[in-house]
Amino acid sequence: MTGKNLMKTIKNTSIGYLLALLLLLAACSTTDTQTASVATDNASQTQVENATTVEESVSPTAIADTTEETAVAGDARPEGWSEETHSNDVDPNYAVVFPQDQVNTMTITIVPEDWQAMLDNMTELYGEPSGNAEGGGFGAGAPGAGRPAGGGGQPAGFDFTELLPEGCELPEGFVPGPDAEWPAGCEPELAAGGPAGGGRPQGGGERGGGVGGGAGGLNIGGSENPDYVAATIEFAGDVWTNVGVRFKGNSTLTRGWNSGSVELPFKLDFDEFEDDYPEIDNQRFYGFKQLSLSSPSTDDSYVRAALAYDVMQDAGLIAPETAWYELFVDYGEGPVSFGLYTVIEVVDDSVIKTALGDDDGNIYEGDGNASSLALGTLDQLAGSFEKENNDEADYSDLEALYNALHAETRLTDSDQWRSDLEAVFDVDTFLKWLAVNSVIVNWDTYGEMAHNYYLYHDPETDLLTWIGWDYNESLESGGRGGNTSLSQQEETDAWPLIRYLLDQPTYYDQYVAFIAEIDADAFDAETVATKLQAWETLLAPYVANSAQFTAQIDTITNFVAERHNVVELFLSETNN
391 MTGKNLMKTI
401 KNTSIGYLLA
411 LLLLLAACST
421 TDTQTASVAT
431 DNASQTQVEN
441 ATTVEESVSP
451 TAIADTTEET
461 AVAGDARPEG
471 WSEETHSNDV
481 DPNYAVVFPQ
491 DQVNTMTITI
501 VPEDWQAMLD
511 NMTELYGEPS
521 GNAEGGGFGA
531 GAPGAGRPAG
541 GGGQPAGFDF
551 TELLPEGCEL
561 PEGFVPGPDA
571 EWPAGCEPEL
581 AAGGPAGGGR
591 PQGGGERGGG
601 VGGGAGGLNI
611 GGSENPDYVA
621 ATIEFAGDVW
631 TNVGVRFKGN
641 STLTRGWNSG
651 SVELPFKLDF
661 DEFEDDYPEI
671 DNQRFYGFKQ
681 LSLSSPSTDD
691 SYVRAALAYD
701 VMQDAGLIAP
711 ETAWYELFVD
721 YGEGPVSFGL
731 YTVIEVVDDS
741 VIKTALGDDD
751 GNIYEGDGNA
761 SSLALGTLDQ
771 LAGSFEKENN
781 DEADYSDLEA
791 LYNALHAETR
801 LTDSDQWRSD
811 LEAVFDVDTF
821 LKWLAVNSVI
831 VNWDTYGEMA
841 HNYYLYHDPE
851 TDLLTWIGWD
861 YNESLESGGR
871 GGNTSLSQQE
881 ETDAWPLIRY
891 LLDQPTYYDQ
901 YVAFIAEIDA
911 DAFDAETVAT
921 KLQAWETLLA
931 PYVANSAQFT
941 AQIDTITNFV
951 AERHNVVELF
961 LSETNN
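Each residue of the sequence shown is one higher than the one before, counting from 391 in our numbering.
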């Protein structure tokens, strides 16, 4: 091979090697790219799978909880909020809210504009107050200044003397009014069928109650609840903001308003305004959503409601807890003492759930004409029983009670009638409640007035269960309801749960047995006297008039002893 040819061969060979090397490098680069792409795809697929696995592992409840927490986190809780004091994640703390051995102190602060709105709303519902509190009108005077003698006022502009029987001469100095102790033969006939407060209505009274509660009775209550306003509550160094507060009550509220007293009963709802103020969502007061504050304006003893509820509980009935609070209200003039209030647990808030374990069944508050359950009121049930929960449910359970109560078998086959009634209504509980109510003399409820009780449809038993309410008018003789005998013989079919049931010998015997049991235990005179003495010692430093308070405690103590004698006489006559 010549030199020229050799050089050409080397050159060609080098180019070939170079081309081969370039092709090899290109192939390697392609392989790496494909490998990286596969790795990336695998990583992406792994991330998707992992994300799916995480998503599947999160339950709907956890997602909901997270959403709720995020919503609350967006609206920071008020300063001082704690789970124990403010949240709904704890059980009600009865030891703190309803102590039995001390008087609590609470302050309610209402901005002046809202306080005035509350008063304007009361004027709209009840008219101008007829009393004159010191200092120039309602809300301006010293608490207690407008409290009338006897603990009550009278409806604005109404003259009770116009209704006196002919020939009646009232003693000098006698003050007429719905609470007055009328002399024998001088009772004004405010309702068809009886004297003041004693009338038995044909089908009960209008919603809101009235003296006598009957058709034609004097209406001394409004048909609507007063409006809520937002307030601040202070208790034991803690603060609750934007709490719903309103005036509450029926005859008690009316008499207080008409007297010009500022010491009116209140109702508190701790999350009433949670939609307007999301930061207080599900706000509670040591586990309680609502509280009822009963004023002393119609009970100078301060203990009637507490004692009545204690007797109910000791008899084995469902009843709320009570405690005493010294109440201060600041409506723009600094904290003003409203005196000693009785704070009462609200039935549809915590009473039923605490007693029975849950409150999922329908809760009704009887208040109105058809809550008498008299014949002819079937179509009025929805207007006379306020549904406190389960708004979407119908009234079929109440209708079933009404139909069972008025079934023709009551007169033709009493065994079948009782069986059908007991299939929808807890008869034992009602008879025991009636026995307690009769022994302690509580006129302001079923049998005299078409209000002040609840019915709870217990899912566990599938029965409507009776729960009594509002006992500040109890434990005294000669009240506006008169003195209904223990035999209940005066009651008519206007109150069929009493008349129809006690017309059955089986039920009447059971009712009498309950009276004997209550008299020997829950209403034992010596036990009650000891309790009243302890309460007198506890409350005396806080009452407005200590002499009057002591006299009232003595009056109740004597009433209990005298009532024991009445019960003993009734039992001896009944059993002979």
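Careful, some of the hints might be misleading.
To be verified - DSBU-like cross-link-like pairs, simulated, lysine-lysine; straight-line CA separation at most 30 Å:
#, residue 1, residue 2
1, Lys777, Lys679
2, Lys638, Lys657
3, Lys657, Lys679
4, Lys638, Lys743
5, Lys657, Lys921
6, Lys638, Lys777
7, Lys743, Lys777
8, Lys657, Lys777
9, Lys657, Lys743
10, Lys743, Lys679
11, Lys638, Lys679
12, Lys921, Lys777
13, Lys638, Lys921
Keep in mind the hints are simulated off the structure, nothing from the lab.
Go through the numbered hints given earlier and state which of them the structure violates, listing their numbers in rising order. Hint check: 12 fails alone, others pass.
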